[in-house]
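Please put together the full structure from these sequences, using the hints given.
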Amino acid sequence: MHTEVKVPRSVLLSVESPGRYVGGEKNQIIKEDVVRELAERGECSAVRTAFCFPDVYEIGMSNLALQILYKLLNSEDYTSCERVFSPWFDMDRKMREHDIPLYSLETKSPLYEFDVVAFTLGYEMAFANVLQMLDLGKVPLRAAERGADDPVVVCGGPVAYNIEPMSDYFDAVFMGEGEEVDLEFTKVIKKYKDSGKKDRKAMLREVAAIDGMYVPSLYEPEYSSDGKFVALHPIDDTVPAKITKRIIKDLDNVIYPTAPVVPNNNIVHDRAYLEIFRGCIRGCRFCQAGYITRPVREKSAEVLLKQGVEIEHNTGYDELGMLSLSTSDYTQLKELTDGLLCAFDGRHTSLSLPSLRIDNFALDLMEKASQTRKTGLTFAPEAGTQRLRDVINKGINEENILGALRLAFMGGWSTVKLYFMLGLPTETMDDVKGIADLAKKIEDLYYDVGREMGVKLRRPEITVSTSMFIPKPFTAFQWEKQNTMEEFLEKQKYLKDLLKKVRSVRYIWHGVETSIWEGVLARGDRRLNDVIYEGYRTGSLFDAWDDNFDYDKWMKILADHGLSWETYARNYEIGDSLPWDHISVGVDRSFFLKERERAYNEEVTPNCREKCSACGAACFKTGVCYETR
Amino acid sequence: MRQDDRAAEMTRQQHLTQYVCRTRFARRGALSFIGHLDLMKVFERAIRRAELPILYTQGYNPRPMLVFALPLGVGIDTTGDWLDAAMSVPISAEEFVAKVSPQLPDDLEILECIAIDEPERSLMSVVTYAEYTIDAPGISAPAMKLFARETVEIEKKNKKGKIVTSDIRSQMVKPFEDSTEDKIHIMVCAGSTGNLRPDVFLNALCRYEGYPEDKAADAVITRTALYGGEYPDIEGIEGLF
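Chains as they are written, first to last, in this note's numbering: chain D, -7 to 621; chain C, 13 to 253.
No lab work stands behind these hints, which were simulated from the structure alone. Among the hints, a few may not be true.
[As the list claims (entries may be wrong)] Below, computed lysine-lysine pairings styled on DSS-like, alpha-carbon distance capped at 25 Å:
| id | chain 1 | residue 1 | chain 2 | residue 2 |
| --- | --- | --- | --- | --- |
| 1 | D | Lys485 | D | Lys448 |
| 2 | C | Lys227 | D | Lys100 |
| 3 | C | Lys195 | D | Lys298 |
| 4 | C | Lys195 | D | Lys(-2) |
| 5 | D | Lys(-2) | D | Lys86 |
| 6 | C | Lys195 | C | Lys227 |
| 7 | D | Lys179 | D | Lys220 |
| 8 | D | Lys448 | D | Lys493 |
| 9 | D | Lys86 | C | Lys186 |
| 10 | C | Lys227 | D | Lys(-2) |
| 11 | D | Lys409 | D | Lys432 |
| 12 | C | Lys186 | C | Lys168 |
| 13 | D | Lys100 | D | Lys(-2) |
| 14 | D | Lys485 | D | Lys473 |
| 15 | D | Lys298 | D | Lys241 |
Below, the structure written as structure tokens:
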């Protein structure tokens, strides 16, 4: 039925972590027999999906979307789903040397034999790896080059909302949450297979007619003579002019992987996950994740408790992570954590509770949740001054932070990590200085608490971490100019010098170069397709790993294509067309514009539970928009 | 935690009554490509899924109390390795096998289990010899020649990173008579007093007998048994506690 790719032992034993390339984990699903029987009985065609994650196994296996959709696409009689990850440089080289095609972990089938090759895209820097996987899997890179028997190549995930820089490579793109739409799509593929794969174009038209699906080849871009993006035109009237994302209305009754695949080798986030809600009530103006996942929809504590116990039992993991954009905003957090802690009593299982807003309840919870000692506390003030925090609508002030830390220091915590962004709209050097001032205040507070309590405390560990602001589509700051390399470096150096004077602070920063390039990709248009191909052809891979990223090369390729950093990082006029204007995440453009004005006026917008600001997400008729306030 | 630390931990915790399930297991296929610590974790999780009353180590980072007889290198199959799982109440061998077996990934299998109350010696300290089979085309003839040598000197890095030569001949105990042209069956020294890794044996085979390196690289290596005692007076691990 399918080709089984054989990898010699000598190849596996010559690469780093060969466990990445062999599968065989607990809870993996092999539907080979079911699918074969179905086909032999001639009842209907089976649709085989290769679920691809464009990074190494250890990162991909930490991704919840993969586990959810893996279960979903293995749930129907006629569907099967297998996993494929990006081979690291050493394995990439060996596979080319020995002419070994990229294969799935479950049945070791080559990528080109699948009906569907589906990517989940979480970060732009993985683009080159998409090309690597298709290339190694012997799938024609561009949608236009694929014939009747080639796989249908699709993608989804947060980055899919502006897929224009990669539009040539995908036959179709999923906008939003996949739990429903994925099966609507596989039905079309099944029909296509049943018909003997006669008319690929007609099949793609049918896919384009599914709500939330975008078929890039049915649109044509237009650019102005001075190099600006003008519009993306549907090729005829039957093609939807606007594609609105899909969401799941009721998370309690949607499929959830309570028996996820448990890796045999150590992965990045080696724990089980419980997704407690989707969306975010906060409305931070830079945050794409917050806007694209609106509206907030919670799962009930009752369902979560049941699923949490099942997951722990089915995986044997000793840690269960709560997953959401802001743990503390879950309205039934106490019921849920009490229930789980009670269920896990004596079982040496701990809870991990990221992004908790620190108060007495949280500190108490953290102490109870962890089986080990006190871990560090994390804060994300994002900006150093209240003025700038108001600009970005980060709903916390200095008193909140210092008040929380006072409690924590009194409770014996001494490790604090603070996240900030440099280059936010309207930022001045005073705002940058504010970061150092805040760090100093925290250090002082720590010793004050020690004195008040009459104990001599050891030196605290305060980590200040800065990343670079990247304007993203579907945010209030989608029109903003990004800081230049020089501006970023100047701010970074200024802050570094100031922080040298605060003894207990360690300063770490994210690479400026990768942030600049990510900025280009995030707001890119179709002209970047060739740029990314050229980068891949000349050896770029795993750009999300700073060591591998070659800034000068990418910039040169960009220039060779008559484009520049300014083409994408400039300040966009309100009247400018944006490459993602044909996509809707439910939040209106007019709301983003209003938020942008409020940002310039340093006005805070209340969160979704305080007051509805009519962003547009109520169009989905569910979630926080329909809660009684 | 390192194996030695675990052993020490187990000794320290002797005030806790331990009921040990001494288990022989096999691994092959996908499971052979993971490292020793990963394999340990795979067993830990399987036993947790099986909901058996395993004891945990004390201290900063409690782990289920599992001790392996001898670490297994990446790429090596086994049909003869042993581990001890310490329980807080007596668990029969039958129960252990019945509950843990279904929880293991496909390429891992429990072959037998013996329940032991409070063993006196740690499993790791008893291992002195190991048996391997090595499947590779035409391997027997050169291997026999290697066994016929008086000395087999190899170079290796010592703890300071300096290259030193050492003679492994004394660690090559014997070839077995059931060896065939393409499959050699050998006994070598193993454990903390002197351990000959099969890949080191293969390297020596390439170096001294001109066995092709590409064939050596694709050899299927299987550990088939572990022993304690002093050769020829040796004994299976199952009886040493």
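| query | When you check the alpha-carbon spacing of D/Lys448 and D/Lys493, does it fall within 25 Å? | reply | Holds. D/Lys448 to D/Lys493 sits at ~22 Å (cutoff 25 Å).
| C/Lys195 paired with D/Lys(-2) [C-alpha distance capped at 25 Å] | 22 Å, holds
| task | Below or equal to 25 Å on CA atoms is what counts here, so check D/Lys(-2) against D/Lys86. | result | 13 Å, holds
| request: Starting from C/Lys227, check that the Cα of D/Lys100 is at most 25 Å away, please. | output: At roughly 23 Å apart (the allowed maximum being 25 Å), D/Lys100 and C/Lys227 satisfy the hint.
| field | Hint consistency between D/Lys485 and D/Lys473 [alpha-carbon to alpha-carbon, up to 25 Å] | value | 21 Å, holds
| message | Hint check: C/Lys195 vs D/Lys298, CA-CA at most 25 Å. Holds or violated? | response | 52 Å, violated
| query | For the pair supplied as a hint, D/Lys86 and C/Lys186, is the alpha-carbon distance within the 25 Å limit? | reply | 36 Å, violated
| Under the criterion that the straight-line Cα-Cα distance not exceed 25 Å, is the pair C/Lys227, D/Lys(-2) satisfied? | Cα-Cα ~16 Å, so holds.
| said: Please verify whether D/Lys100 and D/Lys(-2) have alpha carbons no more than 25 Å apart. | reply: Holds, because 8 Å separates the two Cα atoms, which is no more than 25 Å.
| message | Hint check: C/Lys186 vs C/Lys168, CA-CA at most 25 Å. Holds or violated? | response | Given pair C/Lys186, C/Lys168 holds - Cα atoms ~23 Å apart, limit 25 Å.
| Given the hinted pair D/Lys409 and D/Lys432, is their alpha-carbon gap at most 25 Å? | 13 Å, holds
| field | Hinted pair D/Lys179 and D/Lys220, Cα distance within 25 Å | value | 39 Å, violated
Hint violations for this structure: numbers 1, 3, 7, 9, all remaining hints satisfied.
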